[in-house]
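Chain A is already provided as a structure; the job is to place chain B on it using the hints.
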Amino acid sequence: AQSVTQLDSQVPVFEEAPVELRCNYSSSVSVYLFWYVQYPNQGLQLLLKYLSGSTLVESINGFEAEFNKSQTSFHLRKPSVHISDTAEYFCAVSPPGSARQLTFGSGTQLTVLP
Amino acid sequence: EAGVAQSPRYKIIEKRQSVAFWCNPISGHATLYWYQQILGQGPKLLIQFQNNGVVDDSQLPKDRFSAERLKGVDSTLKIQPAKLEDSAVYLCASSLVSSQRSYEQYFGPGTRLTVT
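Residue numbers (my numbering), protein chains in the order written: chain A, 2 to 115; chain B, 27 to 142.
Hints listed in this document are in silico derivations from the structure and should not be mistaken for laboratory results.
No residue lacks a Cβ here, since even glycine has one placed at the ideal position from N, Cα and C.
Treat the hints loosely; a few may be bogus.
[Said to hold, decoys possible] Quick list of the computed label-pair ranges, beta carbon to beta carbon:
#1 LEU65/B <-> ALA18/A: 25 to 33 Å
#2 SER55/A <-> PRO34/B: 36 to 44 Å
#3 GLU59/A <-> PRO87/B: 33 to 41 Å
#4 PRO97/A <-> LEU96/B: 27 to 35 Å
#5 PRO34/B <-> GLU21/A: 20 to 28 Å
#6 GLN3/A <-> THR140/B: 26 to 34 Å
#7 SER29/A <-> SER44/B: 33 to 41 Å
#8 PHE15/A <-> LYS97/B: 28 to 36 Å
#9 THR112/A <-> GLY29/B: 19 to 27 Å
[Said to hold, decoys possible] For the chain B half of the interface with chain A, some residues (derived, Cβ under 7 Å), not all of them:
#10 GLN67
#11 GLY68
#12 GLU130
#13 GLY134
#14 PRO135
Looking at chain A on its own, in the form it has when it is part of the complex (with noise of 0.2 Å):
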């Protein structure tokens, strides 16, 4: 079985500033990994993922998350936030095979502020 824990339930940042957001997974096996993004009165969004090859990999709007094996960790990043980056983002996991079920963590709520 697998499990995902966010440490930090709420993220205030100001506007330009670059920003964290931590997650750890728990698994005996091998897990894909991804960060989804729930913007108000929306549903979730794929933001990026991690299958295999690169540790670091990159969404379209700048965020970025690398895969640390050691530490078991897919942390989300972005260096500099917007006001329309203001959103609950969601870590996931899922173990490779046939059934592709997410194992999501609890989520942390990014509020950026002006």
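Below, chain B alone, put in the same frame as chain A:
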């Protein structure tokens, strides 16, 4: 392409009443998921379908929850009778079956259920 559709968006019922949620996945997506998201928690998988067959329903409280996907397209999730602890957002998601894209789940806006 149209996204995952869910209805209703909001529902308020009294405990012991019944309720049903509907989901229409993205056209061509063979896999459909129902998740329960309680306030302050991440989504938890309730049931996964591939076409009209159940892949996993191990976390579905079968004494009160049921789900079906009769023609391999739309799906309905039912709760009968509802309890206070069923208050949550119910999310539907769908994905392709092909090996790489199947990891990309597309979520609907959810149905917010309040049980009083």
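Verification of the supplied hints:
Between LEU65/B and ALA18/A the beta carbon distance is about 28 Å. The supplied range of 25 to 33 Å therefore holds. Checked against the given bound of 36 to 44 Å, the beta carbons of SER55/A and PRO34/B, roughly 43 Å apart, stay inside it. Range check, GLU59/A to PRO87/B: about 40 Å between beta-carbon atoms, so the 33 to 41 Å window is met. Between PRO97/A and LEU96/B the CB atoms are about 31 Å apart, so this pair conforms to the stated range of 27 to 35 Å.
Roughly 38 Å separates the CB atoms of PRO34/B and GLU21/A, a value that falls outside the hinted 20 to 28 Å. The hinted window of 26 to 34 Å between GLN3/A and THR140/B holds, with their beta carbons roughly 30 Å apart. Range check, SER29/A to SER44/B: Cβ separation about 39 Å, and the 33 to 41 Å hint holds. Distance hint check: the CB atoms of PHE15/A and LYS97/B are about 51 Å apart, inconsistent with the given range 28 to 36 Å.
Between THR112/A and GLY29/B the Cβ separation comes to about 26 Å, which falls inside the hinted range of 19 to 27 Å. Given the 7 Å rule on beta carbons, the hint for GLN67/B holds: about 5 Å separates it from the nearest Cβ of chain A. At about 3 Å, the closest approach between the beta carbon of GLY68/B and any beta carbon in chain A falls short of 7 Å, and the interface hint on this residue holds. The closest approach between the C-beta of GLU130/B and any C-beta of chain A is roughly 6 Å, which is under the 7 Å cut-off, so the hint is satisfied.
For GLY134/B, the shortest C-beta to C-beta distance to chain A is roughly 5 Å, which falls under 7 Å, so the interface hint holds. Hint on PRO135/B holds. Least Cβ distance to chain A is approximately 5 Å, under the 7 Å limit.
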